[in-house]
Every structure is written in C-alpha cells, then in structure tokens.
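So the protein lines, in turn, are chains P and B. Per this note's numbering, the very first residue in the first sequence carries number 0; after that it's consecutive. Per this note's numbering, the very first residue in the second sequence carries number 753; after that it's consecutive.
You can trust all of the hints, since none of them are fake.
Selected chain P positions facing chain B (in silico; Cβ < 7 Å):
1) LEU47
2) GLY48
3) TYR64
4) HIS84
5) ASN86
6) ARG87
7) ALA91
8) LEU94
Cross-link-like lysine-lysine pairs, in silico, DSS-like; alpha carbons within 30 Å at most:
9) P:LYS105 with P:LYS146
10) P:LYS56 with P:LYS81
11) P:LYS56 with P:LYS12
12) P:LYS146 with P:LYS203
13) P:LYS118 with P:LYS105
14) B:LYS1001 with P:LYS146
15) B:LYS830 with P:LYS118
16) B:LYS1001 with P:LYS81
17) B:LYS830 with P:LYS12
18) P:LYS56 with B:LYS1001
19) P:LYS81 with B:LYS830
20) P:LYS203 with B:LYS830
21) P:LYS105 with P:LYS81
Everything labelled a hint here was simulated from the structure, so no lab data went into it. Predicted, not measured: the structure shown is a model, and the values here were computed from it. Beta carbons: idealized from backbone N, C-alpha and C, even for Gly.
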Amino acid sequence: MIEAIGLTKRYGKTVAVDDLSFTVEPGRVTGFLGPNGAGKSTTMRMILGLDRPSAGKVLIDGQSYAQLDRPLRTVGALLDAKWVHPNRSAKAHLLWLAKSNGLSAKRVDEVLDLVGLTKVAKRRAGGFSLGMSQRLGIAGALLGDPKVLLFDEPVNGLDPEGILWIRQFMQGLAADGRTVLVSSHLLSEMAVTAQDLVVIGRGKLISQSSTTEFVERSTENTVRVRSPHADKLGAMLADKGFTVREDEDGSLTVSGAVSDEIGDIAAAGGVVLHELSPQRGSLEQAFMQLTGDSVEYHAELAETGK
Amino acid sequence: MTLLAVERIKLFSTRSPWWCMLLALGLTIGVTAIIAANWDNAPMPVLGAVFTHTFGLYVIMVMAALAVTTEYRFGTIKSTFQAVPDRISPMIAKAVVVVLLSGLVGLASAFGSWGLSWVLADDNSELALTTANDWRHVAGVGLVFAAGALLALGVGALVRQTAGAVSIILVFALVVESVVGFIPNIGDDIQKWMPFTVASKFIFGDPDPSAIPEGAGPPAIGELSPWGSFAYFAGIALVIYVISLVVVKRRDA
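All chains should be built: construct the whole structure from the sequences, respecting the hints.
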C-alpha cells in the first residue's frame, strides 16, 4: 500500500505538487491520471525518494522509502525505460541492479525470461526498440519480486501489441495481490487497465475513486430520441423536469433521464418513437472538463489561426 | 562489499573505461619510448622516464569524471539511488573502485615507461631506482593518478555533465594553471599553489634541487616538500569530493 500525505513539491515559485493526499491499495491496478505537467512524475519520484518533498510525506507499507532495507525487494519501479547505459548489455544492467540488493544472478535470468528478453540479453541496451527497452525496464522493476510497483506512462509510444502486453502484465501483477500504480495522461487507456483512479491536475487531487464510479460520475449520460411528434414529447419530458435539447435534424437529446423512463412517458402519452438510444459522453470530453482548468499549457488556437 | 562489486560491474560493463585506460597507458609509455630512444649524449635520468605521466593523468581524470557523469547522462544514477537510497555508500563505493583502478593504471604507466626507457636508452646508468627519491618519482605517479581520479569524481558529481566536467578539468589543468603565471606581480605566487603544479612537484621535486640533472625536465615549483605537495593535492581532491557528496545527498536526483 502507498499512502501520500499532504505531499507538496515547489520549484522556486512554481508549485508542481500541491498538498496531495491519496492511497493506493494492494490487489488492484490504480491509475494515476492527469494531463501532461500535472505533477505525476514528480509525485512518483517523491514516492521513490529521488526528489525531496517540500512538505508532506509518502509511506510504503507504513515506512518511508529511505527506511526500506534493500528497497528493490519491496518497491519496483519503471519511471523511464531509457534509464539504461546504452553500451551496457541488458544482462549487465540487471546484474548490477540485482547485486546492489543481494539478489542472485539466477533471478536476473528469471526476469529476463519473464519479459521475453532472454535471447537478446547479451546485446547492448542502446540498440533496443522502445518496446524492448520497456520490457527491460519492467524486468528491472520485477527483480526483487516487490509487493509495490510503479510505472510512469508505460504505454507511451508503444504499438498496440506492446500496449496490450503491458496492460495484461500489470493486471496480472495486481491479481497476485501486489500494489500497482500506473500513471497515464490517457483516460481511455486507464479505463480499460485500472480498477481505481487517482486523478490530479496542476498538482492537486481532483478525485480518487474506482474507475467505474469516476467514469459514471464524470460522463454526461444522454438519450437520443427521434419521433414524428417531437414537439409534444419534448414538452412532456420538460414537464417531468428533464433537460431537452432539439437538434438540427429534429431529434431530441434528453439528459438526466434513462431510456426506460422516456419510453414509459412516450407510451403513456401515446407518442410514436422511431429511435430511443442511450448516448455515453466520451471519456476524453469528461476528462477535459474535469482537468480543463488545470491544464498547464492551453493551446492558443486563435493565435495559430491567423 | 556488495556495493564495490556493483560499481565494478558498472565500470567494466561499458567500453569507455577500457579505452581510457589503454589510452592513458599508451600515451605515457609511447611518448616516453620516443623520448628514451632519442636520449643521446647523456645518461637518461629517472625523471626523464616520468615526464609524460601528466598525459595519462588527464586521460584517467576524464575516465573518473565519466564514471559519474554518464550515470547522470543515462539516468542510471536514479536506479542506483533507488537501489541504495542513502546515496552516500554507492558514491563511496564508486570512488574506492575508480581511485584504486586509477592508482594501478598510474603504477603500470610509470613502471612501464621506466622499464621501456631502461631498454631503449643508450645509457641507462642513471635509471636505476636507488634512492627513496627515485622510487617516489616513479611509484608516486600511482598516487597522483589516484588523487586526480578522486578530484575528477567530485567535479563530475557536482557538474553532472560530461562535457562540462571534462572541460573544467582539462581547461583548469592545461590552461588556467599556466595562464595565472602571467598575471603581473602576484601570478607566480598564485601559480605555485595551483593543485596540478603542486602535484608535479611531488613527482619531479627533489629536496636537493642541485641534484636534478641538467635538462631533466620542468623546474618543480612550490613552497612545500614533495610529500607535503602530495598531501596538498590529495587534500584539495578530498575536499572537492566531500563537497560533492554533501551536494549529491541534498539535491534531487
């Protein structure tokens, strides 16, 4: 379990992480979601003791990172797949990491096998594709068979096959009972990977909840209705307190109601329906709405239009 | 002990330390061989065999700086601190490995140069290592390489960039120390306290200046005795290294 308590990081006047508190539970994949520049990587570096918090603290199973004995056995992390000396072989890279925490050379072979890099273990890591580098990074994170795992944007730049592999891999790790924290700026990706979501914007916590809850709460559910008697139906629905918008093609978009209710009302009023279809707002839209004010760099569309 | 093994694996699993060591040995021994082969008309003194140690020193210092800066360049320093969060022990382990290795390369280059001079010089009657001073001229190179490596590790950890660290070291050693001598009035006084100038007094200096044969090399300048000169150079290296440890501990990785 990871607990962040009032975590804050300032760089001069800029506040990168602002009084952030959240918990990450074992046995689940927790998505750490926020736009670029929201402070996700800074937070992850603070969890690992690489950056010193300006205020607050992070506990891993009740201890700070610096207190952990041979920390790779408790926490595995992949913050950047390129953190490897390009002229060192994959195996040598894992060997020194293993040695530093008293792990055997046999364990190095095991994790290489686990991520499917055994055949290229002797090759220099600088020649690896992004997908292979990512696998090497995951092998490094798994070396100490840790209970807690952190991944920073692990699917960035990967092809669909690589994305699927990593997604299933992380879900497998959580199924083993491990604590898995994965950062991403893509809600659509997290929606299919993570069971829980910690959402931040501009360094502040926006929400912590299960993914389903977050998606339901933050997406606007509407129902599209087409009827030859659209005017009459619209008035009836408005009477019931639903918000009704008439679209250009004459169909109605009703929010605040589920399709069952609308069907019942239409039947009670004797109105013929040609279409009754629930619409789900896009995750991206919802995410934009939630974090819209907290995006660090707004693109100046008007400027570029000139 | 395990951390020493970690740093040993790191150092020897990339190619640049090997190249640096080969270059340090090749430069010092190679140029000494040319000097020895052309040393006519007079017996070759011991000092003649170690003139070139500074070439090797600069190369070894580059190797030592690289041992730290490449870790920053490629982010492996973060993995290192993740594995050993106290930060100081891996940095000390790195220093032990790099300093020992540099000392060995220094010894190999000095005795290599001396041995080859023995073989190549027309008259090697003065080359025998008979006095304590003779031994210091040759074996002292190992100590200077070791202390120089420690200094370079400190600079590397402070600057964190290969280009920056290497330029600082080379520009200081090759340019600044000579140029300060040209400052009117005080130049000479400053120069004789410059670390690399003092370090060469340890190698070349003789308690009895008249004992240095004619044409045996640059005059050794400085106020300190040869061993005092080494203590001064090693002290500066240690101070810079300790400052770098404090900074590394406090700074975000």
